[in-house]
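With chain A's structure known, arrange chain B on it following the hints.
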Amino acid sequence: MNLPTISAAAIASIACTVLGVGGASAADAKKGQQLFITYGCYACHGYNGQGANVGVKLAPDPMAADALANYIRNSASAMMPPYSEKLVSNADVADIHAWLASQPKLDPKNIPLLKE
Amino acid sequence: MAQDATPNLNRRKFLTGTAVAGAAVSLTPPAGTPGGNGQALAQTPKAAPPSAAAMRAESAQPVAYSHMLDGKPGSDFMVDVLRALDIEYVATNPASSCRGIHESIINYGPEANKKPELLTVMHEESGTAMAHGYAKVTGKPMALLFHGTVGVQHASMALYNAWCDRVPMIMLSGNHIDAAHRLPNVPTYHAAQDPNAMVRDFTKWDDQPMSLQAYAEAMVRAYKITMTPPMEPVAISLDGHLQEHAIGKNEKLKIPKLVIPSPPTGDSGSVKELAQLLVGAEYPILVVDRAARTAKGMTLLVELAELLGCGVVDLYGRQNFPNRHHLATGPAAIGRADVILGLEVADYWGTVNQYMDNPEQVQKSRLKPGAKLASITAQDLYIRANYQDFQRFQEVDVAIAADAEATLPGLIEAVKSAMTASAKSKAEQRVAAFKKAKAEAAARSRAEAAHAWDASPITTARLSAEIWNVIKDHDWALVSRDSGQSNWPHRLWNFDKYYQYIGHSGGAGVGYGLPAAVGGALAHRAHGRLAVNIQSDGDACFAPGALWTAMHHKIPMLTVMHNNRAYHQEVMHLQRLGNWRQRGVDRAHIGTTIDNPFVDFSKLAGGFGMKGFGPITDPKELGPVLKQAVQIVKAGEPVLIDVVSQPR
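Chains A and B, in that order, are what the protein sequence lines are. Note that my numbering numbers the first sequence so that position 50 is 50, with each residue one more than the last. Note that my numbering numbers the second sequence so that position 195 is 311, with each residue one more than the last.
Bound-form chain A, shown alone:
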């Protein structure tokens, strides 16, 4: 699958700020980060799976890997186009899960701008 030009650029800019990796192996998470962009998950869920008004939050604390695979294969929701196995392999889904699992959980109480 060809990498879209936006992906290359976005990866370059993210690469310098890859967040701490937890749970899954670093290699998988890194590949998952790239796949998250290649397969366009970033568009609705944000580059870090943080969620937006067009796609719910996936990370931190993603659902279990098999549940995630099941969801994206069968999602019939309004905004989430289902990804068949032909489009995204199970191995790719596992890597994507590793990327999502690697996102740190930040406490807003430790972020001065979010205190209020």
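Since the hints were made in silico from the structure, they are not lab data. Careful, some of the hints might be misleading.
[As the list claims (entries may be wrong)] Per label pair, the in silico range of CB-to-CB distance: (1) B:Glu737 / A:Met63: 26 to 36 Å; (2) A:Arg73 / B:Asp383: 48 to 58 Å; (3) B:Gly739 / A:Val56: 47 to 57 Å; (4) B:Lys230 / A:Pro104: 19 to 29 Å.
Here the structure is a predicted model, which is why all the values come from computation and not from measurement. Just so you know, even glycine gets a beta-carbon here, dropped at the ideal spot from N, CA and C.
Leaving out everything else, chain B in the frame of chain A:
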């Protein structure tokens, strides 16, 4: 030319005749000059002055345009009318068909170019969107001054946005209707028999007055019509001859008195019925879209909601309700309500139904079974057929054809009268639940804003939090919509004043954002408010000359680019189609992304003389740059920060 070489008595006679007749700022040829006119006039108007030889051959004297110059120009009177209507600004892209009134605006009288002041715009679409943003802050129309035909064509999409958004403005456009008395070539290309025909489907009224008196009356009527709910743009075509010729000596001109009609209010019987429905409900809610037209509208909505102890779902066509008020709630309340009152809801069907954009195109109601619906909208008083801005038909149980804001005082009184002890105690219980839910929602927003806080591209939550940090101690106003930023400003900022938010474009015609923000910022300038524009990149590229207008006219505004380097909505549409068709999303960027090369917005701003910062990719740099930028805005100038951001 052969004709020039032939002395043309008829022509001279014609001109003298007109001068003597004087009075008649007449477009009808004077009597007694048949036959000759056609030939003479075919050559009279030319862009270039006649050659010396031609003039010698024709007459010892240059042609005297005494009918143009003998007396006060017609366009001075046109400006008198603009002054009488208290028009503050006329947005123009200079156009020869408007040169008469343009010259009058800048040179006539002691208030020349002060009242009104010309606003130079680089695209008619931008000027129209500026009027759109300005009207939503001031509540009054700006005038536009464009070429007939080509200028109106450029303006049309922005007019359509204003139409869909129920916003007042008066578009003036130049025209030369008399084919025998207009310059050939370009001015003739720019003339039309019915110049407003192409925008008639999305203007509330238009006219092409053929005398100055008719112009005065048309303008006062136009002002009344544009300012009566549902407010919509109006268009007046200004004939070139009327502008350029002197007022006839015997012409007695009068500017009619302007009295804006009081807006239509709901009849007391229906209002009483509605009040009883609301008071008797278990879980009533208000859904508000363009309900508040003024600051008073917000005050009245708060009073009504507090009386009823009901949730308010703000669809943010305007800032109808303070977002941190404990009764401000989300759309989930729609599914719980047994009575819903929609106030100036643009798309009632789409609010109470779900239409899933999937291959099955599933449509389902969001309503609780048996829920009763009511509406108050001026839209029931006025509708057109062609464009579908009236949205899908929604059946309701009580329909009040009236202006919502004007009907609120009567409704509040009716609710007070209908209130019972048991309704009051139910209301109190609801209020307690709303207060708890509100505090939880605020905590949830802060927790969600923390996700990917240090990520690059910068999250829209962080972008919004950083901006809030530098504006919250000022008298600020957001002059852009925020749905493109996942509504983070409305989730994190405190919008408690009507003017702090002006909604969206209305018709979703892209290219509205930047110029509408400039128009809004212009209106805020008079109050010394700090105008903030979170600007999407694709929109800014339609007509970036709006930045120049902001700079040229010293309109202070903090523009922060939400630069996701794409027409992102379309990226997502392409992804959906690609997956549905089992062809994948990996080429969805083609035709939808803005890269290779990226647009350098700080350089773009620099090109228009504006200080630009960025592109900023490291979120830690954002706060300090925002502080500097606010200083520039407080000193009276616009400034732009380019922030490479997450998609939504």
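A quick look at each hint next to the structure:
| no. | hint | verdict |
| --- | --- | --- |
| 1 | B:Glu737 / A:Met63: 26 to 36 Å | 34 Å, holds |
| 2 | A:Arg73 / B:Asp383: 48 to 58 Å | 56 Å, holds |
| 3 | B:Gly739 / A:Val56: 47 to 57 Å | 28 Å, violated |
| 4 | B:Lys230 / A:Pro104: 19 to 29 Å | 58 Å, violated |
Hints 3 and 4, counting from the list given before, are not met by this structure.
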